[in-house]
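J.: All chains should be built: construct the whole structure from the sequences, respecting the hints.
4 protein chains.
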Amino acid sequence: MKLTVVGGGSTYTPELVDGFARLRDTLPITELVLVDPAADRLELVGGLARRIFARQGHPGTVTVTGDLAAGAAGADAVLLQLRVGGQAARQRDETWPLECGCVGQETTGAGGLAKALRTVPVVLDIAERVRRAAPDAWIIDFTNPVGIVTRALLGAGHRAVGLCNVAIGFQRKFAALLGTDPAEVHLDHVGLNHLTWERAVRLGGPDGPDVLPRLLAEHGGAIAADLRLPRPLLDRLGVVPSYYLRYFYAHDEVVAEQRTGPSRAEEVARMERELLAMYGDPALDEKPELLARRGGAFYSEAAVGLAAALLGGGGPRVQVVNTYNRGTLPFLPDDAVIETQAAVDGSGAVPLAVPALEPLYAGLVARVTAYEELALDAALRGGRDRVFRALLAHPLVGQYAYAETLTDLLLAHNREHLAWA
Amino acid sequence: MKLTVVGGGSTYTPELVDGFARLRDTLPITELVLVDPAADRLELVGGLARRIFARQGHPGTVTVTGDLAAGAAGADAVLLQLRVGGQAARQRDETWPLECGCVGQETTGAGGLAKALRTVPVVLDIAERVRRAAPDAWIIDFTNPVGIVTRALLGAGHRAVGLCNVAIGFQRKFAALLGTDPAEVHLDHVGLNHLTWERAVRLGGPDGPDVLPRLLAEHGGAIAADLRLPRPLLDRLGVVPSYYLRYFYAHDEVVAEQRTGPSRAEEVARMERELLAMYGDPALDEKPELLARRGGAFYSEAAVGLAAALLGGGGPRVQVVNTYNRGTLPFLPDDAVIETQAAVDGSGAVPLAVPALEPLYAGLVARVTAYEELALDAALRGGRDRVFRALLAHPLVGQYAYAETLTDLLLAHNREHLAWA
Amino acid sequence: MKLTVVGGGSTYTPELVDGFARLRDTLPITELVLVDPAADRLELVGGLARRIFARQGHPGTVTVTGDLAAGAAGADAVLLQLRVGGQAARQRDETWPLECGCVGQETTGAGGLAKALRTVPVVLDIAERVRRAAPDAWIIDFTNPVGIVTRALLGAGHRAVGLCNVAIGFQRKFAALLGTDPAEVHLDHVGLNHLTWERAVRLGGPDGPDVLPRLLAEHGGAIAADLRLPRPLLDRLGVVPSYYLRYFYAHDEVVAEQRTGPSRAEEVARMERELLAMYGDPALDEKPELLARRGGAFYSEAAVGLAAALLGGGGPRVQVVNTYNRGTLPFLPDDAVIETQAAVDGSGAVPLAVPALEPLYAGLVARVTAYEELALDAALRGGRDRVFRALLAHPLVGQYAYAETLTDLLLAHNREHLAWA
Amino acid sequence: MKLTVVGGGSTYTPELVDGFARLRDTLPITELVLVDPAADRLELVGGLARRIFARQGHPGTVTVTGDLAAGAAGADAVLLQLRVGGQAARQRDETWPLECGCVGQETTGAGGLAKALRTVPVVLDIAERVRRAAPDAWIIDFTNPVGIVTRALLGAGHRAVGLCNVAIGFQRKFAALLGTDPAEVHLDHVGLNHLTWERAVRLGGPDGPDVLPRLLAEHGGAIAADLRLPRPLLDRLGVVPSYYLRYFYAHDEVVAEQRTGPSRAEEVARMERELLAMYGDPALDEKPELLARRGGAFYSEAAVGLAAALLGGGGPRVQVVNTYNRGTLPFLPDDAVIETQAAVDGSGAVPLAVPALEPLYAGLVARVTAYEELALDAALRGGRDRVFRALLAHPLVGQYAYAETLTDLLLAHNREHLAWA
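Same order as they appear, the protein sequences are chains A, B, C and D.
Those letters in the first sequence? Residues 41 to 461, per my numbering, in order.
Those letters in the second sequence? Residues 41 to 461, per my numbering, in order.
Those letters in the third sequence? Residues 41 to 461, per my numbering, in order.
Those letters in the fourth sequence? Residues 41 to 461, per my numbering, in order.
One thing to keep in mind: the hints can contain errors.
[What the hints assert, rightly or not] Which residues of chain A face chain D? A partial, calculated answer using Cβ under 10 Å:
| no. | residue |
| --- | --- |
| 1 | T135 |
| 2 | L138 |
| 3 | E139 |
| 4 | C140 |
| 5 | R299 |
| 6 | T300 |
| 7 | P302 |
| 8 | A305 |
| 9 | Y440 |
| 10 | A441 |
| 11 | Y442 |
| 12 | T445 |
| 13 | D448 |
| 14 | H457 |
| 15 | A459 |
| 16 | A461 |
[Stated by the list, open to error] Here are the simulated distance ranges between beta carbons:
| no. | chain 1 | residue 1 | chain 2 | residue 2 | range |
| --- | --- | --- | --- | --- | --- |
| 17 | C | D374 | D | D425 | 50 to 58 Å |
| 18 | B | R268 | C | E307 | 39 to 47 Å |
| 19 | A | R424 | B | P222 | 45 to 53 Å |
| 20 | D | A317 | A | A452 | 53 to 61 Å |
| 21 | B | H259 | A | L451 | 26 to 34 Å |
| 22 | A | D292 | C | A262 | 27 to 35 Å |
| 23 | C | D374 | D | R310 | 37 to 45 Å |
| 24 | C | A128 | A | L451 | 39 to 47 Å |
| 25 | B | A78 | A | P272 | 22 to 30 Å |
| 26 | B | G114 | A | L392 | 51 to 59 Å |
| 27 | A | G248 | C | D275 | 33 to 41 Å |
| 28 | A | L451 | D | E307 | 17 to 25 Å |
| 29 | A | A452 | D | E314 | 17 to 25 Å |
The hints are simulated quantities; they were obtained by calculation from the structure and are not laboratory data.
By construction, the Cβ of each residue, glycine as well, lies at the ideal position given by its N, Cα and C atoms.
T.: The following block contains the structure:
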């Protein structure tokens with residue numbers, strides 16, 4: 041089994057490699073290829089990857105290359121984990137929206153649109169080249185904004201599934217709080233990527249008893265603190281929103297923090313410099329502690345599980361992924377991409393039916409889906425007016441004057457990444 | 041034909057009576073009853089109504105009463121135009137939301153929710169008493185928020201249609217700008233009450249040529265100025281939003297104005313005092329000029345047209361009303377109430393099919409519909425938590441901390457009108 | 041020695057009485073009179089006051105009366121501690137300024153101006169009646185805003201000194217942190233009432249070594265947490281600002297809290313209800329624990345010290361009070377009232393010289409002094425324009441549109457307390 | 041008479057040269073030297089300057105040079121009109137403060153501080169070199185922020201006077217409205233540079249009748265519109281504030297505009313490109329119309345008048361300049377620089393006495409003077425803490441969290457211009 045990681049020079053990669061090593065019974069990789077244009081980083085990360093495999097006695101090979109076609113040739117699965125423009129572009133995404141009093145964030149709001157515009161054309165180009173090199177390979181997209189990118193991939197006819205670590209993170213955390221095995225924890229997790237709510241936490245299986253009320257009663261404070269959301273919000277709603285809903289439910293508070301604190305991009309850039317320095321140490325043969333603070337926890341478990349389901353040949357496995365709606369949420373178009381529990385096997389992912397989504401969540405999901413449709417249109421076809429419309433449609437912008445100004449700022453700060461601008 | 045006006049002591053009533061007099065060929069009223077608990081106002085308004093009928097040679101009678109059952113007995117149609125709590129409650133609706141930086145307005149946002157909570161139980165009680173007194177009467181609701189109130193009436197099984205003067209206002213204004221007869225102007229008007237966009241202006245019939253691009257090119261400046269919206273917004277979108285969309289597209293600008301200007305309620309209260317003083321003048325036998333500035337232009341034309349269609353016995357007439365969605369906007373529940381062109385006859389109103397709503401508008405319509413469902417739930421069943429949820433669902437609130445505070449403020453300012461609070 | 045407390049029915053009074061009892065060697069009161077128009081409260085508080093004196097073996101008498109002239113007749117000192125409009129007015133002071141995004145507070149900003157306008161005429165009337173009943177009595181003003189009220193009293197020729205517990209609070213807290221006797225701690229405390237900075241903390245006497253740098257190094261975190269100010273602010277400036285400077289240095293943060301939290305007035309009103317219920321218990325003969333959370337800590341120590349200095353006949357004592365500037369801060373008018381260390385004896389209070397105030401503080405002091413002059417002018421002479429000018433002059437308002445709106449709101453919410461409005 | 045213009049390549053220069061030509065009887069220049077490091081611009085501007093002199097028959101020579109020492113050698117007066125960092129730096133000054141909700145402006149607020157930090161060291165270096173080349177020359181500073189720059193020059197012992205065109209602009213405008221000769225109009229103009237109020241408009245001489253009340257009654261609307269300030273502000277105060285007070289009195293409104301409109305720097309940069317293209321036209325021999333929209337109207341009249349007074353040998357002339365306070369405003373330090381009417385002759389400028397400044401203005405002047413002192417300290421001595429303190433002292437910042445963030449932004453955006461950063 042050959043697996044290729046595009047953006048393999050990312051500092052995330054050792055997390056992934058560590059998972060491949062630990063979970064080799066689930067996903068028996070024989071050849072792992074890391075593809076990245078940044079040869080220096082690739083060297084550092086590839087070296088550590090080989091040492092991790094070696095230390096854990098994994099028999100597979102690890103190779104690195106800057107040549108996508110070569111790296112993807114004959115692959116069974118290709119993981120996409122790239123960041124167009126790097127931390128510098130992210131730093132800008134987190135900054136200029138503040139000029140209009142809007143949150144600066146790289147996966148939602150005006151900053152999220154900027155990232156989508158930069159990323160979609162690059163990902164589509166990569167996917168096309170992968171298709172030529174490995175026509176049957178599955179594409180697993182971990183590149184943000186996952187919802188929009190996955191919709192772009194599916195719309196272009198690729199065999200693609202979008203993946204995020206929010207759901208697996210909740211599963212592991214809740215299992216720890218409940219003192220049970222994560223495999224026993226089934227989430228009623230639904231919405232769009234980065235716009236989800238855990239509505240039930242079932243034990244033993246998808247029809248098991250719902251322990252979410254007990255979880256909130258006993259650990260609501262800790263859960264809320266972790267999400268940096270007010271505890272009464274969880275208690276009043278009886279659900280656990282994803283961390284990213286903080287940008288909606290506490291928007292102005294976040295803006296106030298962002299105006300006076302260091303940007304997340306700066307923190308991450310600092311961490312990345314430290315991590316790369318560590319990776320270069322020939323004595324290091326496991327993922328360092330610091331990597332946990334980089335984000336992306338359990339990403340490797342999620343990726344291994346998904347790849348195993350897509351490639352493994354056994355029966356379908358249930359997993360939270362991003363895929364076509366197909367009537368699951370009846371108020372959305374069939375070709376909207378949602379994030380939900382799906383049955384995944386060699387033929388792809390099909391969402392499981394979900395109880396009707398309450399209006400409090402459905403209203404927001406519908407509006408953000410409309411934004412995502414306009415964002416994708418702008419990413420595919422370009423043009424100032426399309427950017428303006430996507431911004432006006434976003435619930436965290438919504439006002440004419442801000443949409444106009446943010447359009448100008450987005451274009452000014454991203455011109456080098458937008459072929460049409 | 042007997043027609044009863046509940047809230048007949050309103051200063052609006054002479055506008056309505058003037059229309060009944062002018063349009064008596066369309067709607068041959070023989071008995072007009074004005075019902076109102078405020079005997080003083082009723083006396084003043086009733087006197088003027090009689091003088092208007094007399095001056096125009098209308099043969100119908102005008103009676104006034106404080107007794108709803110008597111006034112409604114045997115009526116063919118009952119118009120509801122009331123304001124629970126009067127201008128004082130409205131003045132509060134326009135003020136306390138500002139404490140959270142949210143718009144203060146009586147039909148949308150937190151103030152609109154307050155009005156819905158005050159109004160729905162009163163209207164349902166009146167409708168129930170009307171049903172006993174006149175089981176076959178049509179109820180025409182002009183009471184705001186019209187969308188929520190109409191949904192409440194239909195949900196309780198009443199023969200009801202919701203009416204607003206926004207669409208007829210655009211029809212008349214566009215006809216004037218085009219130099220043509222209003223009857224020739226057909227609007228592609230769609231959305232929710234106070235959340236609509238004119239997407240096409242067709243001449244001659246629903247399939248006539250669309251002159252909206254020409255209208256915007258030639259008169260876009262005047263139309264935008266009238267709506268107090270930036271002209272480039274109209275040009276970029278190619279549609280004409282309703283005036284009420286200013287609370288969304290220019291929210292912060294409106295809040296800045298409201299913080300420093302007199303409230304609309306104060307202006308209206310002043311106007312009402314002036315109007316009532318005029319109405320008492322026995323020499324006055326027509327609606328005064330000042331009434332035009334009170335809002336509600338063409339309300340009587342719209343009401344006469346709708347009543348004539350419901351009661352007239354001819355074929356269906358096409359008119360913009362508020363009624364059940366029934367699949368017209370497929371992304372909304374069938375029992376959502378939308379505002380759109382409908383075929384109206386003695387059996388009620390059925391929406392005409394409309395072209396797919398663009399995501400830029402559909403996203404907002406879906407979200408506000410979700411809010412309206414939660415608002416109606418709060419109005420019918422009460423409880424602090426339901427109020428909180430409706431506020432959190434509203435796109436002009438949306439944040440946890442504001443929803444909490446606004447819930448407290450709403451309850452503090454409306455306790456006397458909320459039986460459960 | 042006869043001492044009269046105007047506003048003696050306040051829930052604060054037991055704090056004062058407890059101090060009189062404990063410190064009877066410093067201030068040998070023979071007759072204590074509590075004056076208050078609220079007979080019910082006065083009864084409860086007066087009963088507890090007698091029981092506190094009895095328990096501690098204090099030989100003085102405690103009487104209560106609603107008759108100011110009788111209560112003040114022959115008094116040696118009269119303490120003013122009243123609140124015109126009660127907690128209800130305060131609650132409004134804390135609320136309506138938020139409509140303009142301005143802090144809601146009863147001693148500064150627009151709310152502080154409202155309180156000044158309500159209070160100054162009442163205090164001047166009381167002082168005039170005291171002068172007639174006891175021409176030689178000293179008036180000790182603890183009524184907020186102390187700076188403006190003291191300036192009004194001095195301007196009308198009264199023998200008055202203004203008192204606040206901020207300085208004594210810092211002295212006690214610093215002494216505790218340093219593990220030393222409060223009497224050893226001398227503060228370089230300077231500015232205006234509620235706008236002061238501790239610039240040095242000297243041990244042993246006004247020329248002792250300055251331990252503030254050490255105090256900040258060792259306890260800066262605790263001091264900052266107590267003031268709810270960011271620690272780096274203290275470190276960067278090397279001074280300790282009064283708690284009230286939080287309304288300046290963290291204005292927007294306070295507004296955000298006020299918009300979503302309960303008002304201080306509500307908390308205090310709840311506490312007052314509890315306290316009064318306790319005071320009615322005939323078994324209670326000491327000040328209850330809860331009173332400490334009411335604010336006003338060490339008020340009695342400060343009041344006893346000041347009264348003893350004014351009446352005691354010994355040499356002058358150095359104490360922080362509010363009195364005429366007389367060139368102490370050379371950039372302020374001589375008749376501005378400042379808060380600073382003063383030599384106090386039977387002839388009154390004379391400020392000690394202070395090192396030049398740094399521009400960072402002097403600029404703010406000068407601007408607030410200008411506001412206070414305009415506020416006093418508005419309080420004495422009335423008129424919408426004077427209120428507007430005071431608001432425009434206040435650094436927490438400063439903008440035209442807000443000054444206009446806040447003028448209207450101030451008048452609307454305080455009309456019953458403003459004879460001229 | 042030799043006159044040297046440093047920054048002579050500015051697009052402003054033709055305005056100045058036109059004035060020199062028209063007013064040659066007042067100021068008989070024989071040699072005009074334009075000094076600028078930008079040879080291209082200097083060539084264009086110098087050519088036009090020669091053509092203007094030629095067309096108007098002015099006998100003086102115009103030379104251009106990049107060598108300051110040569111250009112200044114033997115000069116009688118040196119005008120400073122430079123912009124360190126050009127329009128690009130200004131564009132940044134107008135942008136990054138918005139991230140904290142603070143006005144972006146190059147002469148006040150955080151942007152004004154940035155400009156002061158960039159400019160003061162450069163101007164002091166130039167002045168030192170001028171002193172060596174022409175020890176007796178007068179330095180006329182037109183470089184912003186004029187108040188801080190002039191204080192820096194005077195503090196370093198230079199023969200310097202600061203000049204701004206606000207006062208002469210009002211004089212000309214009022215004269216036009218009154219239909220009288222500007223020379224007849226005497227202003228009671230007082231405050232700091234860009235923080236002034238016209239308190240009286242006297243006809244015929246400094247003791248003539250005050251026609252400001254009449255001017256406001258008859259032309260208040262036009263004056264307010266021109267300043268973009270609300271007319272009632274002028275009526276209530278009975279004074280005319282400088283245009284720059286809009287950044288104080290309508291701060292939030294300006295921020296809202298800046299967030300959604302093009303920056304002034306962008307407009308000016310566009311205009312400069314157009315102007316330079318015009319200047320290159322050998323047929324052009326007068327200042328083009330467009331230059332009037334560049335700002336700086338009547339700058340040449342003011343400069344000619346000032347230079348004539350300093351160099352002319354006649355008795356003193358009264359003119360509005362920036363110079364040492366020397367007790368004129370008794371609440372400011374003697375060495376603060378104020379902007380006021382002064383008697384100017386060959387020995388320099390001495391302020392005329394002014395009536396006491398009302399507290400409403402004095403409070404703001406005192407606070408901004410404190411800021412200017414801290415700003416100058418930061419400009420001369422550098423260091424993050426000094427920048428922080430200046431920002432905390434500024435009335436348009438004032439809050440801790442913003443001061444911290446703005447310090448970081450200021451340093452990040454100006455590092456190349458700050459030797460110590």
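J.: Hint by hint, note whether the structure agrees.
T.: Now the hints, each set against the structure:
1. Because the smallest distance between the Cβ of T135(A) and any Cβ of chain D comes to about 7 Å, under 10 Å, the interface hint for this residue holds.
2. Hint on L138(A) holds. Least Cβ distance to chain D is approximately 5 Å, under the 10 Å limit.
3. Evaluation of the E139(A) hint against chain D yields a held restraint, the C-beta minimum of about 5 Å falling below 10 Å.
4. A least Cβ separation of about 5 Å between C140(A) and chain D falls short of the 10 Å threshold, and the interface hint therefore holds.
5. Because the smallest distance between the Cβ of R299(A) and any Cβ of chain D comes to about 5 Å, under 10 Å, the interface hint for this residue holds.
6. Because the closest C-beta pair between T300(A) and chain D is about 4 Å apart, less than 10 Å, the hint holds.
7. Hint on P302(A) holds. Least Cβ distance to chain D is approximately 9 Å, under the 10 Å limit.
8. Checking A305(A) against chain D: minimum C-beta separation of about 14 Å lies over 10 Å; hint violated.
9. With a cut of 10 Å, the hint placing Y440(A) at the interface with chain D holds, because the nearest CB-to-CB distance is about 9 Å.
10. With 10 Å as the threshold, the beta carbon of A441(A) comes within range of chain D, its nearest partner Cβ sitting at about 4 Å, so the hint holds.
11. Annotation: Y442(A) was flagged as interfacial toward chain D, and the flag holds, the nearest CB pair being 7 Å apart, inside 10 Å.
12. About 5 Å separates the beta-carbon of T445(A) from the nearest beta-carbon of chain D, less than 10 Å, and the hint is met.
13. Residue-level restraint check for D448(A) holds (minimum Cβ-Cβ distance to chain D is 8 Å; threshold 10 Å).
14. Look at H457(A): its Cβ only gets to about 21 Å from chain D, farther than 10 Å, so that hint breaks.
15. Checking A459(A) against chain D: minimum C-beta separation of about 25 Å lies over 10 Å; hint violated.
16. Among the interface hints, the one on A461(A) is violated; its C-beta lies about 18 Å from the nearest C-beta in chain D, farther than the 10 Å criterion.
17. Taking 50 to 58 Å as the suggested C-beta distance range, the pair D374(C) and D425(D) does not conform, at roughly 34 Å.
18. Under the hint 39 to 47 Å, the C-beta atoms of R268(B) and E307(C), about 42 Å apart, fit the expected range.
19. R424(A) and P222(B) have their C-beta atoms about 37 Å apart, which leaves the hinted 45 to 53 Å range violated.
20. In this structure the supplied range 53 to 61 Å is violated for A317(D) paired with A452(A), their Cβ-Cβ distance being about 24 Å.
21. For H259(B) and L451(A), the Cβ-Cβ distance of about 31 Å falls inside the hinted range of 26 to 34 Å, so the restraint holds.
22. One distance hint, 27 to 35 Å for the beta-carbon pair D292(A) and A262(C), holds here, with the actual separation near 30 Å.
23. Checked against the hint of 37 to 45 Å, the pair D374(C) and R310(D) fails, with Cβ atoms roughly 54 Å apart.
24. Checked against the hint of 39 to 47 Å, the C-beta distance between A128(C) and L451(A) comes to roughly 54 Å, which is inconsistent with it.
25. Checked against the given bound of 22 to 30 Å, the beta carbons of A78(B) and P272(A), roughly 42 Å apart, lie outside it.
26. Against the hinted window of 51 to 59 Å, the Cβ-Cβ separation of G114(B) and L392(A) comes to about 57 Å, which satisfies the hint.
27. For the pair G248(A) and D275(C), the supplied restraint of 33 to 41 Å is violated, since their beta-carbon distance comes to about 54 Å.
28. Remark: the range hint 17 to 25 Å for L451(A) to E307(D) is upheld by a beta-carbon distance near 19 Å.
29. Our hint of 17 to 25 Å for A452(A) and E314(D) holds, since their Cβ atoms are close to 22 Å apart.
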